[in-house]
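**Q** If you read the sequence shown in my numbering, its first letter stands for residue 893, the second for the next number, and so on.
Think of the hints as simulated: they come from the structure by calculation, not from any bench.
Virtual Cβ for every residue (Gly too), placed ideally from N, Cα, C.
Any given hint could be a false lead.
[Said to hold, decoys possible] Each pair of labels, with its calculated beta carbon distance range:
#: 1; residue 1: 961; residue 2: 1043; range: 28 to 38 Å
#: 2; residue 1: 914; residue 2: 1006; range: 33 to 43 Å
#: 3; residue 1: 903; residue 2: 1010; range: 24 to 34 Å
#: 4; residue 1: 962; residue 2: 914; range: 20 to 30 Å
#: 5; residue 1: 1029; residue 2: 984; range: 11 to 21 Å
#: 6; residue 1: 1046; residue 2: 911; range: 14 to 24 Å
#: 7; residue 1: 1044; residue 2: 946; range: 19 to 29 Å
#: 8; residue 1: 900; residue 2: 1039; range: 13 to 23 Å
#: 9; residue 1: 993; residue 2: 1031; range: 13 to 23 Å
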Amino acid sequence: MTTREPEAIDEGVVELVESLEPNPAYVAGARWDVLHANRAAHLLFADFASRPDHERNMLWYYLAEPSARALYVDWEAEAIAQLGHFREDYEKWPGDPRFDDLLERVFAVTPQARTWWEERRGVDLPRNGVKQIRLADGRLVSLRQLVMSTVDDPEIQVVCYFADIDDDGDYGDDMESLLGD
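Let the sequences and hints guide you as you build the complete structure.
**A** Given below as structure tokens:
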């Protein structure tokens, strides 16, 4: 059995995520635990800091949180893609009970995720790309997701979102107006 030690992030990574405001950004560990998130990420996704430890996790968010179903225009496609990405990380730590516990909790809340997992759906899809988002006020926006790994610990990922460029080459609404703050 292989288990991963508890994760810590470099202060420079925290500063990077904070400097990306007003763009949503967060840091996730190998098991997708949210290690840090800026204010915009809390507004767009969830206030991870106020949640119980087991809910401070992006796989949990994508597959178990009702707010994720409302946020993503095509939630099922997004959930399948994220589950496939998680599998890639899961396979790096075979037998780690924390990964298995997380999956079982997700499967208990979202039973169809077990089928997607067994069918290996979503594997080998790109992690970066445009996400179709439905904001709380009903507006539909396109956000470009960028996922980066740190050099010192490649299992630590910085995930950030930027307004997508439209067909005219404009960024459209700025992120501050999109998040309504």
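**Q** Take the hints in turn and mark each one as holding or not.
**A** Each hint tested on the structure:
no.	hint	result
1	961 with 1043: 28 to 38 Å	35 Å, holds
2	914 with 1006: 33 to 43 Å	37 Å, holds
3	903 with 1010: 24 to 34 Å	41 Å, violated
4	962 with 914: 20 to 30 Å	21 Å, holds
5	1029 with 984: 11 to 21 Å	39 Å, violated
6	1046 with 911: 14 to 24 Å	21 Å, holds
7	1044 with 946: 19 to 29 Å	27 Å, holds
8	900 with 1039: 13 to 23 Å	20 Å, holds
9	993 with 1031: 13 to 23 Å	37 Å, violated
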